[in-house]
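Colleague: Starting from the known structure of chain A, fit chain B onto it as the hints suggest.
Chains A and B, in that order, give the protein sequences.
Quick note on this note's numbering: the first sequence kicks off at 1 and runs consecutively.
Quick note on this note's numbering: the second sequence kicks off at 1 and runs consecutively.
Hints are supplied without guarantee of correctness; some may be wrong.
Said to hold, decoys possible - In silico DSS-like pairs for lysine-lysine, Cα to Cα no more than 25 Å straight-line:
(1) 58/B / 112/A
(2) 112/A / 101/B
(3) 58/B / 118/A
(4) 99/B / 112/A
To be verified - Some chain A residues flagged as far from chain B (calculated, every beta-carbon gap over 12 Å):
(5) 87
(6) 89
(7) 108
(8) 109
(9) 122
What the hints assert, rightly or not - If you want the footprint, here are the derived chain B segments under chain A, 3+ residues with CB under 8 Å:
(10) 45-57
(11) 60-74
It is worth saying that the hints were derived from the structure and are not from the lab.
A quick note: this is a predicted structure, and the numbers were derived from the prediction, not measured.
Glycine residues also receive a C-beta, built at the ideal position from the N, C-alpha and C atoms.
Now for the letters of each chain:
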Amino acid sequence: MNFKDLRRLLALMSENDLDEIEVEEGGRRVRLRKKGARAAAEAQEAPPPFSPSPSAASAPPRKGVSREDANTITSPMVGTFYRSSSPDAEPFIEVGSLVGSETVVCIIEAMKVMNEIKAEVEGRIAEILVSNGEAVEYGQPLFVVERTGG
Amino acid sequence: MFSRILVANRGEIALRVIRACRELGIETVAVYSDVDSRAVYLRYADETVCIGPGSSGKSYLDVPRIISAAEIADVEAIHPGYGFLSENPHFAEICGSCKIKFIGPSPEAMQLLGNKSRARELARKVGVPVTPGSDGMISTEQELLAVAHKIGYPVMIKAAAGGGGRGMRVAHNDISLVNGFHAARTEAEAAFKDGSVYLEKYLEKPRHIEFQILADMHGNIVHLGERECSLQRRYQKLVEETPSPYLSKAQRKEMGEASKKIARAANYTNAGTVEFLVDKHGKYFFTEVNARIQVEHPVTETVTGIDIVKEQIRIAAGEKLGYGQRDVEFNGASIECRINAEDPDSNFKPSPGRIQMYMPPGGPGVRFDSHIYSGYDIPPNYDSLLGKLIVRGRDRNEAILVMRRALDEIVIEGVKTTIPLHKKIFSHSNFISGDIDTGFIESYLLST
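If we strip away everything but chain A, and leave its shape as in the complex, we get (with noise of 0.2 Å):
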């Protein structure tokens, strides 16, 4: 659990309006509660065997979509996250939008290249899970794509 982790969390917790969530993962845990206008961090470590896990990609719970019907897209690069292809242009998607394999969702951009990243699942964006300008690394969880039809 780094600080980037906790931020995404804080960043779930006011996006589905929480006022408290708790994770463990790897035999660690943190319990984040919100008093008021503050939230309040508490790490407890498990004893040893050690095993460090940097990326939480499973840990935080989720409003609407079960596991089972979803896809995650996940970062192929490292780099930074925009929506859209220039600053004022519209984003790629958005919640609730139809995508395809070949469906653009996002630009990565690495080294002043931008990179257009596929989904290459079929579906519907249920969860955006970076904002734009973010920094990403390689295998970070970008979108849930629930899967539609049946």
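Modeller: Just chain B now, kept in the frame of chain A:
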């Protein structure tokens, strides 16, 4: 001084660099491939960035991924460690253009010394002896045979872009020479993207003795003494020690000065190692410069008390060395064993897998530089180095006793390691008497 450094490497050297940074109060950013997600040093870094899948080409060797990570993590400098991008002038150049300081020599110095044939020319120019060989690259069979006949068999065909023991072939006659020449060019083209080769006289069972140098960006250069690395298998070092049991005080002084001369001529800055071969008559010959920190740097740190990684960082930050050759002191003797996850009884086949139980050695005079822990899964994608066991004694004999004790104490279970081989080396009478050369391991292995 830098406030934030990215460590562009993995394993024990990533841990080593992070340790130095922590002591200097510098924030660290560790990059890792997804198969390295459970590396122990990730918990000591201030920030971690996953840069790609296990394949080195898509992670630790991938310049755009490393630079991208450096940019998003907002670092001021990159330490490349050894291997991977540490001797890649293109990478060093890109760091410069992205206003990120590359902790190592300039791209120009790296380029010059990276071409082993040009490095020889440079040494020759400043009057340092080089192994008899070709004047530059060989392009035709005619030239090849002419040089070989002039210097006499056996000869060594070497890739100009090689180094670190790679891209070398011995030839004992015209036929093996010509065949070897074509094969070497093809291999070099594939491995180093540069098929140029040159020729050197092949010295029979020489001793490998190298000198550590440090050069700041203000014109000051010192050498930190030599390391004897004669115990090798297929040109990969197994045991390194300082001081060399062979060199006299006069030889040490002369070779030390020669190393600095070469570094100066190449406008070299930061840490580097100048390698020599010494023949049976005590004649020394320059072979190559390694323009990076080396695996075996700890033995030099042990006898000089100088932290080479910290010096690299200080130098890159523009600081002066602050000391001269006369200030460098040498105390005691130090020996290092490279412990690899390989099976010495099965032709050193790599032995990846889970370390079921690990107990580090300890006590006075013992240092173990390693990233392993009980329960660690050794990924099969990278080299097999588990750790470096370094000991110190007041003299070589005491160092040997300490190493024997440490080799008995250390426990690594679950994978095969080269610990049993090291135990044999440290009870071998020739090793104990210092009667070693680069043929030691092969002749010793063959005889048991």
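Colleague: For every hint, state whether the structure bears it out.
Modeller: Status of the hints after comparison with the structure:
no. : hint          : result
1   : 58/B / 112/A  : 19 Å, holds
2   : 112/A / 101/B : 19 Å, holds
3   : 58/B / 118/A  : 19 Å, holds
4   : 99/B / 112/A  : 14 Å, holds
5   : 87            : 18 Å, holds
6   : 89            : 22 Å, holds
7   : 108           : 9 Å, violated
8   : 109           : 8 Å, violated
9   : 122           : 24 Å, holds
10  : 45-57         : holds (count 7)
11  : 60-74         : holds (count 8)
Hint violations for this structure: numbers 7, 8, all remaining hints satisfied.
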